[in-house]
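> Make the full structure from the sequences, and use the hints.
In case you want the letters, here they are:
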Amino acid sequence: MTAVTLRAPARERPGIRPGVWAASITLALIVLAAVAPGLLTHGAPHESDALMALQPPGDGHPFGTDAIGRDVFTRIVYGARQSLLAGVGATVLAVSAGTLLGLLAALGGRVADEIIMRLTDVTLSLPTLLLALLVLTITGPGTLNSIYAIALYTMPSYTRLVRVQTMVIRRSGYVEAATSLGLTRAWIVLRHILPNAFAPLLVLATIEVGTALVAASSLSFLGLGARPPAPEWGAMLAGGRDYFSVAWWVAVFPGVAVTLTVLSITVVGRALQRRLEGRG
Amino acid sequence: MYLTGRFAPPALLLTTALALSACGTAAESDTKSTKPVSGGILRYAVNTEPSNLDPHASPSDITAVFTRPVLDSLVSLDPKGGVHPWLATSWEVSPDGKSYTFALRKDVTFSDGTPFDAEAVKANLDHVVDPKTKSELAAGLITPYKGTEVVDPHTVRITLSRPHSPLLSALSTPYLGIQSPATLKLGADALARKVVGSGPFVIDAFTPRQGITYHRNPKYAWPPQGAAHAGPAYLEKLEFKVLREDSVRVGALTSGQVDAIGSVPPVNVSQVKADSRLWLETRQAPGGNYNYYPNTQKGVFSDVRVRQAFRASIDFKTIIGKLYFGVFQPAASPIAPSTFGYDPGTEQLGGYDPQAASKLLDEAGWTTRDAQGYRTKDGRRLTVRWMFVKMIAREQRAVLSEQVQAEARKAGIDVQFLDVTPSNYAPIALRGDYDLSDYSWQRVDADALRDLFASSNIPNDQGGSGANASRYSNKDVDAWLDQTLDTTDPAKRVELYGKVQRKVVEDAAVFPVYTFNYVLGGAKKVHGITWEAQAYPSFYDAWVSAP
Amino acid sequence: MTKAAPRARRTRRRLRAVLVRLATSLLVIWGAATVSFAALQLTPGSVADALVGTSIVSPQVKAQIIADYGLDRPVLTQYLSYLGMVVRGDLGHSYQLNESVGTAIWAQLGASLQLTAAGMGLALVLATVLALLTAKRSRWIRGVSSGAELVGTSVPIFWVGILLLTVFSFQLGWFPAAGGDGLGGLILPAISMALPVTALLAQVMREGLERALDEPFVLTARARGMSDAAVRLRHALRHALLPVITLAGWLFGLLLGAMVVIEQVFSRQGLGTLMLGAVTGKDLPVVMGVVLLTASVYVVINTLLDLLYLVIDPRLREAT
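Residue numbers (the working numbering), protein chains in the order written: chain E, 1 to 280; chain S, 1 to 547; chain R, 1 to 320.
Calculated directly from the structure, the hints in this document are not laboratory data. Bear in mind the structure is a predicted one, so any value in this text is a computation, not a measurement. Do not take every clue at face value.
To be verified - Using 27 Å as the maximum straight-line C-alpha spacing, the simulated DSSO-like pairs for lysine-lysine come out as follows: (1) S:146 to R:62; (2) S:185 to R:62; (3) S:194 to R:62; (4) S:273 to S:524; (5) S:377 to S:410; (6) S:273 to S:322; (7) R:62 to S:390; (8) R:62 to S:132; (9) S:475 to S:298; (10) S:185 to S:146; (11) S:410 to S:322; (12) S:475 to S:492; (13) S:122 to R:136; (14) S:219 to S:122; (15) S:377 to S:98; (16) S:80 to S:390; (17) S:237 to S:194; (18) S:35 to S:106.
Said to hold, decoys possible - Derived CB-CB ranges, DEER-like: (19) R:30 to S:304: 27 to 35 Å; (20) R:14 to E:96: 30 to 38 Å; (21) E:51 to S:96: 55 to 63 Å; (22) S:430 to E:96: 37 to 45 Å; (23) S:430 to R:125: 40 to 48 Å; (24) S:430 to E:51: 35 to 43 Å; (25) E:202 to R:15: 35 to 43 Å; (26) E:25 to R:125: 34 to 42 Å.
Said to hold, decoys possible - So these bits of chain E aren't anywhere near chain S, every CB distance computed over 12 Å: (27) 20; (28) 51; (29) 58; (30) 64; (31) 70; (32) 103; (33) 142; (34) 148; (35) 168; (36) 169; (37) 170; (38) 172; (39) 183; (40) 200.
Heads up, the beta-carbon is just placed ideally off N, CA and C, and yes, glycines get one too.
In structure tokens, the structure reads:
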């Protein structure tokens, strides 16, 4: 037993690990599907054929067909755009708004800081998905509305991060030097603070894209996000579960797609994080 | 000056009713135990629940299933449209058709001890039409209702502002079921959770999102004519469980967690049939099929040729057959074949014919095509805006709509789904700001046609059913429908209903889609579940054999 | 005395933080109530339309609905009366359910508590076991375990729920399909719910454990001849649990979200089902009620945690 304790702590090996490679390649394929689905499949996502309904995976239909004879593989490829767009869209929105509010809180004086940070506290103390549901009750369901709802509850963490980063950087030597040189505040923010706050923000955002993607597909699954016939993975899953007993492929492949996407985003995000923290 | 001799139902009808209810008994497959046993519990799973248990107020059909065990009606209806005595022993209709006098049973008490009498009937009908009740369905069944007069403690007279031949069938439904007048006074919130009647069962508790439990009414001795037995129900307890997810409901049945389920999903029908421990039975729902209703008033579908082309370009027969595994039938008429007044002549009209569709669209001027292959006219694309409420769509209707969209695309028609939710549906319907609408309109008889196609029922804020989403207005059809109200002669009504059906199908004022079947699945030990005229299960004759 | 002074100061600071949190929570409730009230007024389509739903009703019925819900009063009056009700703890009357929001929530609370408690309990046990078994082990054990944790956090729980239900209930028949009937019906939903939480907790706890195992006092214990298992259980675990307590509030939020989805997948009754029905039907009083309730619980939990720190803070913080 003592041998175990006296061993040196496990050390991270330098270089890019094979898992990260695999994740990067998967992610690249998913992005390709989102950008140019036509390169991966010849079918059209809405093309249906009643006579080809619920065909098992096989020739011509690698993932089988759904209840009205649409090719599941084609729909998953086209669904990549929908799903990534929801994940990335919500995150970009949250990062932009969060950054603005964070800067405002850090540089806009005590009153602005108090108001923004209390509002942030308020948002943070509401359970995430329930907050999204509250927003969707008011706005009504839909892809865009679900993106707004997710952005709203992910925003506070960026606000906090940017605020803290900005305050740290503002007190650092080079910004003080810049101020003493008589540069305007806007210039300082643009030239010095933002670039420095950017890296940690990017890392957090990358990892959060995965979380936002799952949230968006959950909302679609509940019938509040993207709606059929849009080839969105969560919505496909919701539609496919009724056929599970006779056609497992309709509900299994969209789930695999969500999991793989989120997994590769997380792995790549963490690799970025390690690199940023000088550990990788 | 009343027409006499009409109040007693013809003997012939009575016998057919008895025969029918005998074959209506669900799955008497277990031959060993054909003698009903008293006692035991039956657990039944349903796919939906009413938000309000008071059938006088509730907007949802499912209220009928939940309240039938506790509520009796004045009369009962058989699937052929025959009316039979229940709480009323006989009735007569005045020559002008505006007044109905009912003689009531004298031996009936509500389960809370209140005696059933003429005052109770009056209190109930007045409650239905009271604006405070906010009735969203029941009051629509008796629109010409003027008032109820208590002639003597056991005779009651209902007066109408105009003749209304569907009155008796309306009175047979649970929506106009008779509740204890004492509970009617407790207010809407109390009624929404507990309804007290004179029926074979008494509600223990209704827990929304979970279910409802009943116990047997031991004093019950007044079943409708046609029931398989007399006296109290066999079951000691009856329990409905709400299991919304189709797969979960089927799983609960196959694993023995419940004894029977309603709405077996078509995809699972063969699985349940193949299971030696289970039985399966279907019953066609009468009234309006699940149909698509084109807006005939404005937009692309105001041109009859475009309507006919749309219908001809979609192979409903194949699509319905495949999607519902033959469990629901493709429809030809706006109403189901099981409805009294159905016209089989409609089956020859309006089939799938893509060539004819293409020709019709050319004739209508939609000759050019745009880059995406959609037909255009004067630079405008042939777009159909569908008021589809995806959020509450059931029975794979959303999947069906996607398939119809894909089929229409092949014909060069661009089907777009409007973003409609339950909360903005009514305003859009009132404005008529849509090209296509869809719903089913299950009713006990062909009077559903009047709701669906009389010009007075075009959605407006002046009243009416608002069910004429086709916004169809045709003087002949209006006149025929009015005549159906005036006559109580079945042959005459069948003829008039037939004319209406053929006319609206020829005019493509409706695209019939499928006929809904209530699919009941149960364990072999469950016997004697019968069918209401509206194709809902009834549990009065049901019993459970020892395992 | 010299040591007591900073401790008192720290206690004061903590107390102040608790007070600020309480003030914030009031702000939360007021803010949430105000925002949704305002938004409801601004959304297209009137409240009365939402109340009517898809049936076309007569003008009399509509007028009655408007009168019943006081929708004909000036907006400010409606707002103030709503706030007044919230202050009194009255969450109002549901637009759809024909009962008060309080009654509706109360009826669903038990089922949801059962589910979340089962999910949380399961996650805690599993995560602890995983962390104890894998902390400071050989590289491949940690690799497999962290890989599994990664998958656990990435997989959508509704999908897990559907798969579990299909395999273990429909195919194998080990568990009842529909929940609500005792323990058997709780197992599959609790597992689906616990999965992502377990994965996250296991990561956090392993890190905590590994840090603790590097501490000098562990070495001392081992030097005294204590077995590895005993060291992990009796010394290191306590320290590993500390970060979990900090995460409790956040975990609560996560579980609530999972609850909505899981109740839907398993056709269970509960707050999530109530909420979802209300969202679909635009039943704002119910949505508000659930949100306000959970926000309050959340605030209470966090305040309790702050107070808990007041008790355990000085020694534990210095020890770690």
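> Between residue 202 (chain E) and residue 15 (chain R), is the Cβ distance one that fits in 35 to 43 Å?
38 Å, holds
> According to the definition I'm using, a residue is off the interface if its beta carbon is farther than 12 Å from all beta carbons of the partner; does residue 172 (chain E) meet that for chain S?
50 Å, holds
> If you draw a straight line from the CA of residue 185 (chain S) to the CA of residue 146 (chain S), is it 27 Å or shorter?
Given pair residue 185 (chain S), residue 146 (chain S) holds - Cα atoms ~21 Å apart, limit 27 Å.
> Within 27 Å, alpha carbon to alpha carbon, are residue 122 (chain S) and residue 136 (chain R)?
81 Å, violated
> Taking 27 Å as the top limit, are the C-alpha atoms of residue 219 (chain S) and residue 122 (chain S) close enough?
24 Å, holds
> Please work out if residue 377 (chain S) and residue 98 (chain S) have their alpha carbons no farther apart than 27 Å.
52 Å, violated
> With 12 Å as the threshold, tell me whether residue 200 (chain E) passes as away from chain S on beta-carbon distances.
39 Å, holds
> Please check whether the beta-carbon of residue 183 (chain E) is more than 12 Å away from every beta-carbon in chain S.
Consistent with the label, residue 183 (chain E) stays out of reach of chain S, its closest Cβ about 49 Å off (over 12 Å).
> Is residue 194 (chain S) within 27 Å of residue 62 (chain R), Cα to Cα?
24 Å, holds
> Just checking, residue 64 (chain E) versus chain S, shortest CB gap more than 12 Å?
Nearest chain S Cβ is 15 Å from residue 64 (chain E), so the label holds.
> Once the closest CB in chain S is found, is it more than 12 Å from residue 170 (chain E)?
46 Å, holds
> Checking one constraint from the list: CA of residue 273 (chain S) to CA of residue 524 (chain S), max 27 Å. Satisfied?
Given that 27 Å is the threshold and the Cα spacing comes to 12 Å, the pair holds.
The earlier numbered hints that this structure contradicts are 13, 15, 16, 18, 19, 23, 28, 31 and 33.
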